[in-house]
Amino acid sequence: MPTLTGAVRSFVETGPILEVVDYSGGFTSGAGEFTPVLKRVAFSVPRAAFTAIVGETGSGKTLMALSILGIAPRSFRRTAGSVRFQGADLVPDDDKAMRRVRGAQISMVFQDARASLNPVFTVGYQISDVCRLHRHVGRKEAWQMAENMLERVRVPEPGRRMRQYPHEFSGGMAQRAQLAMALICHPSLLVLDEPTTGLDVTIQADILDLVVDLTASEGLSTLLITHDLGIVAETCDFVVVMKEGEVRETGTCEQVMTAPASPYTQQLLADSRLAGVPR
Amino acid sequence: MSAPAGLVPTQVEPGPLAGGDVVLRVSGLRKEFRAGRRGGAKKLTAVDGVSFNLHAGETVALVGESGSGKSTVARCIARLIEPTSGEVVLDDVVLTSMAKRDLPRAYRHLQMVFQDPNSSLNPRMSVRAILEEPLRLHFDMSRSERDQRARQLAEYVGLSAQQLDRYPRQLSGGQRQRVGIARALAVGPKVILLDEPTASLDVSVRGQILSLFRRTQDEKGLAYLFITHDLEVVRHFADRVLVMYLGGIVEEGPTAEVFEHPAHPYTQALLSSSPVAEYTRGNEHKRSKRRLLLTGEIPSPIDLPTGCRLVSRCPFVQPSCSSVVPPLRAIRPGHLSACPVLLAATNPNSQDEISFVA
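Residue numbers (numbering that gives the first Met the number 0), protein chains in the order written: chain A, 0 to 278; chain B, 0 to 357.
Keep in mind that the hints are not guaranteed to be accurate.
[Stated by the list, open to error] Distance ranges between label pairs, derived from CB positions:
#, chain 1, residue 1, chain 2, residue 2, range
1, B, Pro253, A, Leu132, 51 to 61 Å
2, A, Ala30, B, Gly295, 47 to 57 Å
3, A, Gly57, B, Thr305, 43 to 53 Å
4, A, Arg162, B, Gly48, 51 to 61 Å
5, B, Pro304, A, Phe120, 28 to 38 Å
6, B, Ala344, A, Lys139, 45 to 55 Å
7, B, Gln161, A, Lys95, 50 to 60 Å
8, B, Val324, A, Ala41, 40 to 50 Å
9, A, Pro72, B, Asp164, 53 to 63 Å
10, A, His135, B, Thr305, 26 to 36 Å
[Stated by the list, open to error] Rough simulated footprint, nothing fancy, chain A against chain B, three-plus residues with beta-carbon under 8 Å:
#, region
11, 194-204
12, 223-234
13, 265-276
14, 337-343
FYI, nobody ran anything at the bench for these hints, they're computed from the structure. Glycine residues also receive a C-beta, built at the ideal position from the N, C-alpha and C atoms.
Next up, chain B with everything else stripped away, as it sits in the complex (with noise of 0.2 Å):
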């Protein structure tokens, strides 16, 4: 799929890229950091093993709590920060082995918008400068041209002319965003990690900005790994769900499917807990639900216990639990669910383990 004429710049040959193939990989990713006093000898393990393909023109949310480990992964995929072991690979070019001095060249191909608008912006660069930054970097064009993109790029995120010259302070938070999306469109990338895009915006704003990033993939063909907490959006925009807790994928599939048959007790809490803005007489049902469903807080994440991970909040918890930890099983094709006493209580003959990257 090609990029429409115009925004890519013409020296730019968009990749041979039919809908619908792998266009990121990523399998075993970890990340363990130093923990405790002094850099003490404690692990934090914020990423432990997580795998999962990205298909162009697909949009897969990762959702968690805080310390789940789901910006990490963001991260590291981007290899802002090291992972300490595992493979990203990006359109058949391995990020994780290549040298630091090569990475900018990749990025061509994977951006990132970031959460936070105020400080991923340069205060002291206009918008124009923040825009050309990237054009100066990966391309060879004369100034002219440069400036001909940036209000080329403007204008399909919906930014005016005069904008241009503003500077980020100048403008309210939707519009920031505007700028990150329009520098991360700069580049013409296949892969856009979105880190939390609309976290802080009124939900007016959220909406158009979601819209945005719709149309974009549309007509570019895009793949987004969407890192949210905000499930509503998750149900509306995501085609598949990865569900993570403590640095684990506990469950994946279409997102209709997990929001509809949800097999892991985290994936139902968490779906339990999200407040939906209809009108219910029922409150009280979904309040005593949601009860017996988790309890307490998520653990600290240094000197994990062997097992899986929600045992010390788990309401269906079984001695096996804290064995080992519990892999993914296909629960229906593409469904995966790291569940075992779920799995077990619903659908007894599906108790072959797959691979799941399929």
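Bound conformation, chain A alone (with noise of 0.2 Å):
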């Protein structure tokens, strides 16, 4: 586990490895209406941390992390800024390109694991189908490599997991494939979209002990988007606070849980806490 200290060393050397430049954009509406979602969202990623994103609903937090992707909804067009991944811009417009940084360099694991895994396919398929497109592997050899993957993932049995299908795997354990699919080319940008929404306590904390974990590990940059300020707490070394769209505060865990400037987060923190509420 990188040390605070560490995590801020590396930013300074190296630099971050993903960053997001006054990020503007919208939604057309059926009648030609531009409505602005994203406004100048600027932060930074920096590398071998766990850097989390939260804001409430609506705050557009889940829509910068698929812009970073490029797999924002058709209907959502930028106006203005720039991902830079690595040093360079992204360009999310050219398909063919960034098919080639997804599930390779940048990875993302969704909400629903039992929802954004195909169910028609078994888990070992379509964990071994992302190495052999990326890596160029045999199929034996890509099986192989996503069992040992399972296995890292603290998925038990991985033998005899690899080859059921995703209704036969629990909330938890779904995750965990999700994790494995996205980790087995070893990316070095992990993007989390609430990993642990609608998981039980004891799960979602074996799962992000897990990413913990690995992130360490692995030298794995981390982006977790949430609503949870007590994830938040216990996991992460950087936080980027949205709401409505706009970025309000940026600065390491202990700033911004212990003396947060802006007013918004103050008041998030305060909720999170229950303050307003009469005993």
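Take each chain as given, in its own frame, and dock them per the hints.
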């Protein structure tokens, strides 16, 4: 586990792995009316550290994450800004280029794991498919890599599990399978969109511990999208607070949690601690 | 304790309800489902002998993971599903032995607020119609009286008069939950079952809804059975807490006591897993502690083994744990735990078994 100072040091030494620069965009309605949603969003994701985007419903946090991977809804239009990954601009409109990046260098884990796995293929097929695509390895080799990865994300009996279908997995196990799929090509950036929402707290704790461990042991950079400041407090090194499509505050976890500068962050913290609710 | 004038219709006499009296008594509640292929012979025990009391003006939290049976308990109490056995007594009325057709009358004193306001509000009814429906069922009121009541209720839960003519889809999640609360309050209940009422809400809205629950309780002496997995809400909101695991209560006690001195391994694991929005440097400590506490996932409730349900996941397991289901024993007055191993380790003098409907 990189200590905070370690993460800060790596940020200073090598620069961030991902930079979102004044990113703006919105949706065009059927009548041609444009509604801005993201407003000059700017933040960076340091290397080998755990960064969180935290915000409530409608803050634009998920849309921002999807935009990084170039998988925002088709009706979304970027009006300004860019996403820089490892020092170079990502071109979200170039599907061919983005496909090489997605899954190989940047991978994503979605909220509802069972819904994001394909129900008609075995879990093993879906995980090994990723490395056959990006690594150009044979079927057998890919299968073995996938099984090893399932074991690394602490799925018991990985050999048997590989041949099962997503509906035979519990929510927590399916999330591990998704994580295995995301990590099998050793990406440098892992984006997690509410990965534990809807899971029980003990399972949530297991999954987050696993992600924290993997982040540390693989030197992975992680961007976690969440609405839960409790999760932020317990896992993250850096925090980006979003509200209504704008970044309201960025800082280290300690700064944001102990001395929040923006009134919105202060309110969010008070609400999370149920400060306004009479005993 | 009587409700404030104007909120409860005049023809309703609030029952003689001294603060602290038992309003809801649940004893030996059991619910089994048939499970397996083609309605097979396998037995799924969702609730296995749950007993507790709820007092007037009290909030009791029922916590546990999905599959623990906590929602089934609420549904059995409201007889939305029929319990297999056990007794539910609401204010001297035995709900469980009541004929189905008499139940609606009993619901005047027992209401429920559901987790998902999208599916628990009829999308084709306006807010006004939703609020007037229970009034029509339970009271003999004129149209103008109903209309006036609906407006009072809306105002009470923080909805505007204009919103009365809206439909659920035109409201935000928080507003919809307010409609659900207003509907529950419409008939002047004594007990409200809250089934994860804040789970789908943003934290800012969660606080507003909890404040509304609190104000309503203070003003009307309502008793809440609060089903939730949000332990921060429990810590802040509940007077007592019941911890459920695989259909049985494994620990119960006053909230502060249970949070500070959890006496069952499952409660300890639950508490150490629950994220708290406070920055602490020593996260690794908490992580390694909870890794020690619990392994694996909640097992299937089909054909449960004898003995303690936590056996497959518990770090303190002893050979004796698999022989019989350990009963709840008192650690301190009002604080009970079903773990004899931890109990013996912490307090060897307190071995006498007590029945826990005290």
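Margin query: Could you work out which of the previously given hints the structure breaks and list their numbers from low to high?
Written below: 4, 8, 9, 10 and 14
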